[in-house]
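> For reference, the chains in residue letters:
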Amino acid sequence: MNHSPLIDIQHITYTYPTHNMRTGEVQSAPALKDVSLQVQQGEYLVLLGHNGSGKSTLARHCNTLLTPDNGRVLVAGLDTAEKTHQRAIRDMVGMIFQNPDNQIIATVVEDDVAWALTVRGLPIPLINERVASVMQSVGISHLRGLPPHRLSGGQRQRLAIAGVLALRPRCIIADEATAQLDPLSRNEIVTLLHQLNRQHGLTIIQVTHLLEEAALAQRIIAMERGRIVMEGSPASIFAHLEPLRQLKLAIPEPVELAVRLRNVGRSISPEALTVEAIARELVP
Amino acid sequence: MFKNIALGIYHPGNSLLHRLQARTKLLVLLYLTIYFIIANRRVWHFAPYIVSVLLLLTAISLSAISFYYLWRRMRLLVLLAFLGALPIVFFPDPSDTILHTFGPLLFTYAQIHWIIYACTFLFAIFILLPFLPIPALRSFRQHRLLRLIGILLMLLTLIAIGILWFTRNNPLTSTIPVGPLVVSYQSVWILMTFFTVFLVIYAFSLLLTMTTTPIALIEGTTMLLTPLRWLKLPVDDFALMTLIALRFIPTLVDEAEQLVKAQIARGADFSHGTIRERLQSLAALFIPFIQGTLRRASDLATALEARGYEVDGKQTRLHEKSFSLADYLVMSLVALVTIGALFL
Amino acid sequence: MKDPIIITKNLTHIYQANQSSSLRKAALVDINLEIARGSCIAIIGVTGSGKSTLVQHFNGLLRPTSGTVIVNGAEVNAKGADLLKLRQRVGMLFQFPESQLFERTVYADVAFGPRRMKLGRREIRTRVLNALDMAGLPHREFAQRTPFELSGGQMRRVALAGVLAMSPTILVLDEPTAGLDADGRAEFYSYLQRIKQEQGVTIVLVSHDMAEVATLADWLFVLHNGHLVMQGAPRSVYAQGDALQQWGLAAPPLSELLTLLRKQGLPIPSEIFTLEEAFSLLSKPLQLYQEK
Numbered sequence: 320m321n322h323s324p325l326i327d328i329q330h331i332t333y334t335y336p337t338h339n340m341r342t343g344e345v346q347s348a349p350a351l352k353d354v355s356l357q358v359q360q361g362e363y364l365v366l367l368g369h370n371g372s373g374k375s376t377l378a379r380h381c382n383t384l385l386t387p388d389n390g391r392v393l394v395a396g397l398d399t400a401e402k403t404h405q406r407a408i409r410d411m412v413g414m415i416f417q418n419p420d421n422q423i424i425a426t427v428v429e430d431d432v433a434w435a436l437t438v439r440g441l442p443i444p445l446i447n448e449r450v451a452s453v454m455q456s457v458g459i460s461h462l463r464g465l466p467p468h469r470l471s472g473g474q475r476q477r478l479a480i481a482g483v484l485a486l487r488p489r490c491i492i493a494d495e496a497t498a499q500l501d502p503l504s505r506n507e508i509v510t511l512l513h514q515l516n517r518q519h520g521l522t523i524i525q526v527t528h529l530l531e532e533a534a535l536a537q538r539i540i541a542m543e544r545g546r547i548v549m550e551g552s553p554a555s556i557f558a559h560l561e562p563l564r565q566l567k568l569a570i571p572e573p574v575e576l577a578v579r580l581r582n583v584g585r586s587i588s589p590e591a592l593t594v595e596a597i598a599r600e601l602v603p
Numbered sequence: 269m270f271k272n273i274a275l276g277i278y279h280p281g282n283s284l285l286h287r288l289q290a291r292t293k294l295l296v297l298l299y300l301t302i303y304f305i306i307a308n309r310r311v312w313h314f315a316p317y318i319v320s321v322l323l324l325l326t327a328i329s330l331s332a333i334s335f336y337y338l339w340r341r342m343r344l345l346v347l348l349a350f351l352g353a354l355p356i357v358f359f360p361d362p363s364d365t366i367l368h369t370f371g372p373l374l375f376t377y378a379q380i381h382w383i384i385y386a387c388t389f390l391f392a393i394f395i396l397l398p399f400l401p402i403p404a405l406r407s408f409r410q411h412r413l414l415r416l417i418g419i420l421l422m423l424l425t426l427i428a429i430g431i432l433w434f435t436r437n438n439p440l441t442s443t444i445p446v447g448p449l450v451v452s453y454q455s456v457w458i459l460m461t462f463f464t465v466f467l468v469i470y471a472f473s474l475l476l477t478m479t480t481t482p483i484a485l486i487e488g489t490t491m492l493l494t495p496l497r498w499l500k501l502p503v504d505d506f507a508l509m510t511l512i513a514l515r516f517i518p519t520l521v522d523e524a525e526q527l528v529k530a531q532i533a534r535g536a537d538f539s540h541g542t543i544r545e546r547l548q549s550l551a552a553l554f555i556p557f558i559q560g561t562l563r564r565a566s567d568l569a570t571a572l573e574a575r576g577y578e579v580d581g582k583q584t585r586l587h588e589k590s591f592s593l594a595d596y597l598v599m600s601l602v603a604l605v606t607i608g609a610l611f612l
Numbered sequence: 012m013k014d015p016i017i018i019t020k021n022l023t024h025i026y027q028a029n030q031s032s033s034l035r036k037a038a039l040v041d042i043n044l045e046i047a048r049g050s051c052i053a054i055i056g057v058t059g060s061g062k063s064t065l066v067q068h069f070n071g072l073l074r075p076t077s078g079t080v081i082v083n084g085a086e087v088n089a090k091g092a093d094l095l096k097l098r099q100r101v102g103m104l105f106q107f108p109e110s111q112l113f114e115r116t117v118y119a120d121v122a123f124g125p126r127r128m129k130l131g132r133r134e135i136r137t138r139v140l141n142a143l144d145m146a147g148l149p150h151r152e153f154a155q156r157t158p159f160e161l162s163g164g165q166m167r168r169v170a171l172a173g174v175l176a177m178s179p180t181i182l183v184l185d186e187p188t189a190g191l192d193a194d195g196r197a198e199f200y201s202y203l204q205r206i207k208q209e210q211g212v213t214i215v216l217v218s219h220d221m222a223e224v225a226t227l228a229d230w231l232f233v234l235h236n237g238h239l240v241m242q243g244a245p246r247s248v249y250a251q252g253d254a255l256q257q258w259g260l261a262a263p264p265l266s267e268l269l270t271l272l273r274k275q276g277l278p279i280p281s282e283i284f285t286l287e288e289a290f291s292l293l294s295k296p297l298q299l300y301q302e303k
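Read top to bottom, the protein sequences are chains A, B and C. So the mapping is simple: our numbering equals the position in the first sequence, first residue as 1, plus 319. So the mapping is simple: our numbering equals the position in the second sequence, first residue as 1, plus 268. So the mapping is simple: our numbering equals the position in the third sequence, first residue as 1, plus 11.
Among the hints, a few may not be true.
[Unchecked claim] In silico lysine-lysine, BS3-like type, Cα no more than 27 Å apart, as pairs:
| no. | chain 1 | residue 1 | chain 2 | residue 2 |
| --- | --- | --- | --- | --- |
| 1 | C | K129 | B | K529 |
| 2 | C | K207 | A | K567 |
| 3 | B | K529 | C | K20 |
| 4 | B | K529 | C | K274 |
| 5 | B | K500 | A | K402 |
| 6 | B | K529 | C | K207 |
| 7 | C | K90 | B | K529 |
| 8 | A | K402 | B | K529 |
Keep in mind the hints are simulated off the structure, nothing from the lab.
Next up, chain A with everything else stripped away, as it sits in the complex (with noise of 0.2 Å):
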């Protein structure tokens, strides 16, 4: 059994280069300041934080989008910034995007699930039995012959995962894929996510600003800043609320009210984090 990391990201540093115009020189803030990590195989991770707090640009260098200015990160032993691993490296982890609309690319719903396998060349039978289980996974098969403008913004999302999943990736990257989608989408996504993550032991790396997707992940990775401020199991992270706070987090009102109850005495289990969950724990 392997031990090492799927991902492992050691010391990187990374700056967006912003070009003024005025000026002429490059000048900008860090996005990631000295970020390690390392993501295990068939671990669900999660990312943290508010807008702009460097978690959209870790995720990118997991599948060489960026490379780092200092530092290495390591896909599977390999590194993302040789140029001949790139395309092993997006092999191996896939990538979705926060508008389901800019990812798909055929005016066919099956075409676009095949489209990445297209470019590779590879043959059509094993295309069309990819393309098939990959639709049954993901619950689209009955969109198959669709255009994509009608589907709902969910069933997009769903079908730029099915595209991913064609490759066979050992890991997904969910990049604030839920954030233009309405509260059922939502639900919709975050739920095939862990079902891939359980049925097929894929890797999932959800980044986002919500604490109630957070609360189902294995390990939260809580960002500020360019940095890692906190990191945990959920029933860690969220025994606090004041540092979720000042990381302008918005604390979802059931667990608020279970973090309050337990500090004036009442018995609730710190895993308590969901509705569910709390509802169960409130019920002498």
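Chains B and C: place on chain A using the hints.
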């Protein structure tokens, strides 16, 4: 209308024509175009044209599309083409052999004057009719056809007045010759062949787009243009661009509609106000739209990069498979029949 | 209700009403509602329930297929209706409004609306600067900047200022905080509250975000498949979790928790709605409160 642009005028079906590869159909079309150029060299040789029309009829019957439907789509353009081509008949080359001459018609100026008076009278009636108290005539002016006639009559009257003015000095009994209209063998031949070629090629291309999905067409075209890739031309990129355009047009239409509503809600007005104000309202549409499209393009590029897009050239075609027996049969049949006709 | 600012009577809207029956789509069916002047109301429902269609009738972007819409005493689909004036009275902000900015400076963009109203230069200036301050963008700092170098949340508030500069009596906001993080949302609400209080503007929210609606709105209208299925104060609407579920909606998490606790036997009175109320109730010692 724009939302279905990805389907174009494709009619789903399972006929023989639907089952042929896009490449076959494209090649046949291309072949026929060149064929007609060759066939035109032998004058008064009808065989190639008859054969091509027969091929067309066979093709229509082998596709799932009814003759009537096809005719309905074609009729306007065909009519226009015919009317436009007709004058060819009347202006032959001096060296051609004459078929018939429509002798010069002689009009006296008196006759012309009478015609002009009649036109003016009709036009006056036309103008005055709505002012009569009969209610049925009120909506007279609104009817589209009658408005058209009205405009025509007005033009005629103006021309008539012009003619009257320029010929006011000519004595009433002198004559104007109209014509002679000379029809030659060659010009009739040209008219017939032009018309047949137009009909056949247009019908075949309509059949092509009706029995082939746009994606298959793009893939087929890309495959046929493979030789150009050796000349370092970006054939695959063009295919991808067309595909992306087809994919995004409905989405962009939605976005544009939304933007129009948002700017109207802010007070933008495209039909009232000074030119400057209207231009500003248009800018309120175009600039955000282009901005949004550029942002989309950037997002899409990132997403495709993350999915491993590379310009390799060995892309699997999802819709164009290899040639089947039917394709070979059709291509050879067409070639045989048409070349045979050349020698008849 | 006396003097409601918006009334709809039997409002029905069918898309492509003059096409064949297979193409027609009923977006709204027989909507009857009244909105009180100066209140903040929210229209909730799943995507496709007709929320956007409904609010687009309030400023004349859409005309009812049948029924009437009366805004501020004037009937919207009357023959000579002055739509331009209506659109000044009813300011509307669509989803992701930052995408509609186009001028070179923030000032120019916010002034776009007032200029269309043919006001004098000075009047426009006052309005623009006021609107910017109201929307939380102090004009000294922001007026001359390019909209495109601002953050998403700031750009959104520039769009809001653009609508405020027309001094609307009614403000319609379609998903105003979609895509913003917690901070951005809180900021937006605080400015919205201030606008409501200081200017007495009637606010119509269209939203998915139940928590947002619970804090801001005085009255809710629930749409499902084009029908108005429920209306009431947030407290009472959110207490009916089962009904909401069948319409594809969820109550805010706290209301869901309270409903679950009630189902599991805890005697929680239905007036309990906010976090503070729940906390003070549940923090009492068990025996005391079970006795109640």
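> None of the hints should be skipped; say for each whether it holds.
We went through each hint and held it up to the structure:
Our distance criterion of 27 Å between C-alpha atoms is met by K129(C) and K529(B), whose separation comes to about 21 Å. As the CA atoms of K207(C) and K567(A) are separated by approximately 25 Å, the hinted pair is consistent with the 27 Å bound. With a CA separation close to 24 Å, the supplied pair K529(B) and K20(C) stays within the 27 Å bound. Under the criterion of a C-alpha separation no larger than 27 Å, the hint pairing K529(B) with K274(C) is inconsistent with the structure, at around 46 Å.
For the hint pairing K500(B) with K402(A), the CA-to-CA distance comes to about 24 Å; that is within 27 Å, so the pair holds. For the hint pairing K529(B) with K207(C), the CA-to-CA distance comes to about 25 Å; that is within 27 Å, so the pair holds. With a C-alpha separation of about 21 Å, the suggested pair K90(C) and K529(B) falls inside the 27 Å cut-off, and the hint holds. Note on K402(A) and K529(B): the hinted pairing is violated, with a Cα-Cα distance of about 46 Å set against a maximum of 27 Å.
Violated hints for the displayed structure, listed by number in ascending order: 4 and 8.
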